Amino acid sequence: MTSEDDKIRVLIAKVGLDGHDRGVKIVARCLRDAGMDVIYTGLHRTPDEVVSAAVQEDVDVIGISLLSGAHMTIFPRVIELMRDADAEDILLLGGGVMPDEDVVELKAMGVAEILLQDTPPAEIVATVKRLVEERGPR
Amino acid sequence: MVSDPTPSCEFVADVLAGRTRAVARLMTRAEAGTDECRPAMAEIYRHTGRAHVVGITGVPGCGKSSLVTAVTQAIRAEGRTVGVVAVDPSSPFTGGAILGDRIRMGDLVGDPGVFIRSMASRGALGGLARATLDAVDLLDAAGFDIVLIETVGVGQDEVDIVRVADTTVVVSAPGLGDDIQAIKAGVLEIADLHVVSKADRPDANKTVTELKQMLMLGLRDAASWRVPVIATSAETGEGIAELLAAIDKHRTHLSTDGNLADRKRRSAEARTLKIAEDLVRRHYAARRDAATDALIDQVSNRKLDPHSAARQLLGTLNSEITS
Numbered sequence: 003m004t005s006e007d008d009k010i011r012v013l014i015a016k017v018g019l020d021g022h023d024r025g026v027k028i029v030a031r032c033l034r035d036a037g038m039d040v041i042y043t044g045l046h047r048t049p050d051e052v053v054s055a056a057v058q059e060d061v062d063v064i065g066i067s068l069l070s071g072a073h074m075t076i077f078p079r080v081i082e083l084m085r086d087a088d089a090e091d092i093l094l095l096g097g098g099v100m101p102d103e104d105v106v107e108l109k110a111m112g113v114a115e116i117l118l119q120d121t122p123p124a125e126i127v128a129t130v131k132r133l134v135e136e137r138g139p140r
Numbered sequence: 051m052v053s054d055p056t057p058s059c060e061f062v063a064d065v066l067a068g069r070t071r072a073v074a075r076l077m078t079r080a081e082a083g084t085d086e087c088r089p090a091m092a093e094i095y096r097h098t099g100r101a102h103v104v105g106i107t108g109v110p111g112c113g114k115s116s117l118v119t120a121v122t123q124a125i126r127a128e129g130r131t132v133g134v135v136a137v138d139p140s141s142p143f144t145g146g147a148i149l150g151d152r153i154r155m156g157d158l159v160g161d162p163g164v165f166i167r168s169m170a171s172r173g174a175l176g177g178l179a180r181a182t183l184d185a186v187d188l189l190d191a192a193g194f195d196i197v198l199i200e201t202v203g204v205g206q207d208e209v210d211i212v213r214v215a216d217t218t219v220v221v222s223a224p225g226l227g228d229d230i231q232a233i234k235a236g237v238l239e240i241a242d243l244h245v246v247s248k249a250d251r252p253d254a255n256k257t258v259t260e261l262k263q264m265l266m267l268g269l270r271d272a273a274s275w276r277v278p279v280i281a282t283s284a285e286t287g288e289g290i291a292e293l294l295a296a297i298d299k300h301r302t303h304l305s306t307d308g309n310l311a312d313r314k315r316r317s318a319e320a321r322t323l324k325i326a327e328d329l330v331r332r333h334y335a336a337r338r339d340a341a342t343d344a345l346i347d348q349v350s351n352r353k354l355d356p357h358s359a360a361r362q363l364l365g366t367l368n369s370e371i372t373s
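Sequence order for the protein chains is F and D.
So for the first sequence, my numbering puts the first residue at 3; every next one is plus one.
So for the second sequence, my numbering puts the first residue at 51; every next one is plus one.
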């Protein structure tokens, strides 16, 4: 299902009580500059809102930025809601500051990739493109 | 997990049953512009025409997204369902886009009676994206009662919305321009309803007065629609109920004086022409061969005039497009 207008769609969200959105805005901008359509939801979203928006927007990727330390609560909830919404073909990515052992656990739960705070912008773009390509058309 | 994509036609029944995933997926297919989805979209089109399509337009930052949110909440309070298609600009340099209309629509998310779709303009001029109307069709066929189209922030001349919406709302923010701006041609002329947003600001009254004075300069007979000027504040909720009542009243007005059929026909015409134009561009871009290059060279060398070349080009493309 490819064509010249077949763009990667990404939903970028800040979930929970975390008011730091500078990083996520830079990520949104990088993905835009790589030619993607980036939907930014703004601050303080709930997992419910994120998944329901992602389904309506039919995005390829959900990117959740978390600097609050709540990742081990929020990601499992998002994954559960994605399963309920039959939306497991959407790739879930996490970004922010998290301990390495949590990264291992999150990936085992089904988060496609965690991009930590020192990830260069080009690598974020490359990762999104690679994961979408690996998933294939849908 | 790579599998063959589901054919578009298999989504049609689910769209008609109002299933979110199917509606969303077909929107993506229509936006990608593949020929594969066309038979499905043709079937969808047969089930449209029921929804009240309302266009919301205005300059960047005038408060369109906040107004859409407030109006949607008012419509939902009455139990009717709402689809929203919000268009934001694509970067002319990279083709990418940041779609931020949802930031102000956070309160609407999670309500199954509201479907919001963000769409990048992808270089289309006129304030809409090429696939905007496909998205509107899908929401209409899925049973949403009112479909709101939020255009990109427009300048003075992007008036495509008036050709496709049943009701066009033009939003002006206070404090932009003097009363001469208000009598210029363009966006202000297309309004079925004027909204002055941010009415909680002190200079809103002046803008309301200027718009009302502009409208008084126009001639109209007793039976024609009187364009209201409504001051709203998404912040305090002022004017939102009045605006929704005016939107409904406009629809009733259209259906009683027969203008609704006129508008629908005008919309069908504009849409058909636009698609024909896009088809010509697409086929030209895909074909670019020695023959078309030679034709352009002749124009460039002043051996052939552009008009005759265009006619020749249409002759060549014609057989391809219609086959």
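There's no promise every hint is true.
[To be verified] Cβ pair distances, simulated, as ranges:
#: 1; chain 1: D; residue 1: Thr56; chain 2: F; residue 2: His46; range: 32 to 38 Å
#: 2; chain 1: D; residue 1: Pro57; chain 2: F; residue 2: Arg132; range: 42 to 48 Å
#: 3; chain 1: D; residue 1: Gln362; chain 2: F; residue 2: Arg132; range: 30 to 36 Å
#: 4; chain 1: D; residue 1: Phe143; chain 2: F; residue 2: Glu103; range: 24 to 30 Å
#: 5; chain 1: D; residue 1: Thr259; chain 2: F; residue 2: Asp88; range: 30 to 36 Å
#: 6; chain 1: D; residue 1: Glu292; chain 2: F; residue 2: Arg31; range: 38 to 44 Å
#: 7; chain 1: F; residue 1: Asp86; chain 2: D; residue 2: Glu86; range: 54 to 60 Å
#: 8; chain 1: F; residue 1: Arg31; chain 2: D; residue 2: Glu319; range: 38 to 44 Å
#: 9; chain 1: F; residue 1: Arg132; chain 2: D; residue 2: Asp85; range: 27 to 33 Å
#: 10; chain 1: F; residue 1: Asp88; chain 2: D; residue 2: Gln348; range: 55 to 61 Å
#: 11; chain 1: F; residue 1: Arg31; chain 2: D; residue 2: Pro55; range: 40 to 46 Å
#: 12; chain 1: F; residue 1: Arg132; chain 2: D; residue 2: Glu86; range: 24 to 30 Å
[Said to hold, decoys possible] To give an idea of the interface, some chain D residues facing chain F are shown, with a C-beta separation under 8 Å as derived from the structure:
#: 13; residue: Arg71
#: 14; residue: Gly145
#: 15; residue: Ile148
#: 16; residue: Leu149
#: 17; residue: Gly156
#: 18; residue: Gly160
#: 19; residue: Ile166
#: 20; residue: Arg167
#: 21; residue: Ser171
#: 22; residue: Gly173
#: 23; residue: Ala174
#: 24; residue: Leu175
#: 25; residue: Gly176
#: 26; residue: Leu226
Quick caveat, the hints were computed from the structure, so don't treat them as lab data.
Only a predicted model underlies this, so the values are computations on that prediction, with no experimental measurement involved.
By construction, the Cβ of each residue, glycine as well, lies at the ideal position given by its N, Cα and C atoms.
Violating hint indices (sorted, rising): 2, 3, 4, 5, 7, 11, 21, 22, 23, 24, 25 and 26
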